[in-house]
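*Asks:* Please model the entire structure based on the sequences and the hints provided.
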Amino acid sequence: DAMVIQNPRYQVTQFGKPVTLSCSQTLNHNVMYWYQQKSSQAPKLLFHYYDKDFNNEADTPDNFQSRRPNTSFCFLDIRSPGLGDAAMYLCATSRETGGGQPQHFGDGTRLSIL
Amino acid sequence: GNSVTQMEGPVTLSEEAFLTINCTYTATGYPSLFWYVQYPGEGLQLLLKATKADDKGSNKGFEATYRKETTSFHLEKGSVQVSDSAVYFCALLDTGRRALTFGSGTRLQVQP
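Line order of the protein sequences matches chains E and D.
Take any residue in the first sequence, count from 1 to its spot, add 18: that is its number in this note's numbering.
Take any residue in the second sequence, count from 1 to its spot, add 801: that is its number in this note's numbering.
The set of hints was computed from the structure by calculation and includes no laboratory data.
Note that CB positions come from ideal geometry on N, CA and C, so glycine has one too.
Any given hint could be a false lead.
As the list claims (entries may be wrong) - Okay, the calculated bits of chain D under chain E, using three or more residues with CB under 8 angstroms as the criterion:
#1 844-858
#2 900-913
Unchecked claim - Away from chain E, derived, C-beta distances all over 12 angstroms, residues of chain D:
#3 Val812
#4 Ser815
#5 Glu816
#6 Gln839
#7 Glu870
#8 Glu877
#9 Asp885
What the hints assert, rightly or not - Every beta carbon over 10 angstroms from chain E, so not counted as near; a handful from chain D, in silico:
#10 Thr813
#11 Leu814
#12 Phe819
#13 Asn823
#14 Phe863
#15 Glu864
#16 Thr866
#17 Thr871
#18 Thr872
#19 Gly879
#20 Ser884
#21 Ser886
#22 Leu894
*Replies:* So, in structure tokens, the structure goes:
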């Protein structure tokens with residue numbers, strides 16, 4: 019029944035050790051988004067894919083990268099995690115952009131940095 | 802630029818009380834407006850939406866009306882339950898934009 023699935027729910031990594039978070043969707047939506055949500059804050063968009071077209075937000079650190087090998091999957095790669103990257107990472111999808119299309123979120127991956 | 806302002810929480814209510822969470826926005830175009838709810842440890846769930854002025858979104862007893870004249874989209878529920886305890890985010894999607902602009906969220910605590 020789950021439509022946007024994020025794995026794992028909890029991820030622990032060491033300072034500076036690369037980590038990859040994954041997201042898959044069964045909705046066949048064109049657009050996939052990655053948001054970062056720090057404690058008690060609103061989600062902040064990192065980047066999104068429209069199909070294979072990658073769109074980076076201007077203030078997303080270079081440390082964060084993404085891959086979308088096919089329609090269903092999207093990955094968030096953090097090359098050298100710092101303590102400030104500890105957060106909940108949310109994946110979302112939408113059929114199209116704009117036009118009132120809602121975004122459907124996964125349950126998130128909570129990333130901890132040791 | 803676009804922005805969303807929500808009332809600060811936490812909002813603490815007794816069960817069956819009336820709920821209002823205020824949300825106002827600024828946008829350059831003609832945005833669509835959304836309310837999302839986030840339960841502890843979970844992602845965001847779409848609660849309701851409205852895509853044009855005077856539209857009323859409703860779901861699970863919650864309602865919000867898109868008021869262009871006051872640039873508001875206040876969330877209301879006539880009788881809250883303990884299970885409504887969560888963080889509520891107001892958000893907008895502006896014309897030609899791909900990213901949601903979120904408010905800072907309002908934590909609702911409902912006591913039995």
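*Asks:* Verify this for me: three or more residues of the segment 844-858 of chain D with a beta carbon less than 8 angstroms from a beta carbon of chain E.
*Replies:* holds (count 6)
*Asks:* Minimum Cβ separation between D:Leu894 and chain E greater than 10 angstroms?
*Replies:* 7 angstroms, violated
*Asks:* Would D:Glu816 pass as off the interface with chain E, using Cβ distances and a cut of 12 angstroms?
*Replies:* Nearest chain E Cβ is 25 angstroms from D:Glu816, so the label holds.
*Asks:* Just want to verify: D:Phe863 was marked as not at the interface with chain E; is every Cβ pair farther apart than 10 angstroms?
*Replies:* Correct as stated: the minimum Cβ-Cβ distance to chain E is 15 angstroms, above 10 angstroms.
*Asks:* Find the nearest Cβ of chain E to the Cβ of D:Gly879 and say whether that gap is larger than 10 angstroms.
*Replies:* 24 angstroms, holds
*Asks:* Just double-check D:Phe819 for me: nearest Cβ-Cβ distance to chain E has to come out over 10 angstroms.
*Replies:* 25 angstroms, holds
*Asks:* Confirm or reject: D:Ser884 is not an interface residue toward chain E, with every Cβ-Cβ distance exceeding 10 angstroms.
*Replies:* 18 angstroms, holds
*Asks:* Counting residues of the segment 900-913 of chain D whose CB is closer than 8 angstroms to a CB in chain E, do you get three or more?
*Replies:* holds (count 6)
*Asks:* Regarding the assertion that D:Glu864 does not contact chain E, is the least Cβ-Cβ distance greater than 10 angstroms?
*Replies:* Answer for D:Glu864: holds, closest chain E Cβ roughly 17 angstroms.
*Asks:* Would the least Cβ to Cβ distance between D:Val812 and chain E come out above 12 angstroms?
*Replies:* Non-interface label stands for D:Val812: nearest chain E Cβ at 15 angstroms, farther than 12 angstroms.
*Asks:* Is the Cβ of D:Gln839 more than 12 angstroms away from each Cβ in chain E?
*Replies:* 9 angstroms, violated
*Asks:* Using Cβ atoms and 12 angstroms as the threshold, tell me whether D:Ser815 really stays out of contact range of chain E.
*Replies:* 24 angstroms, holds
When the structure is compared with the earlier hints, violations turn up for hints 6 and 22 and for no others.
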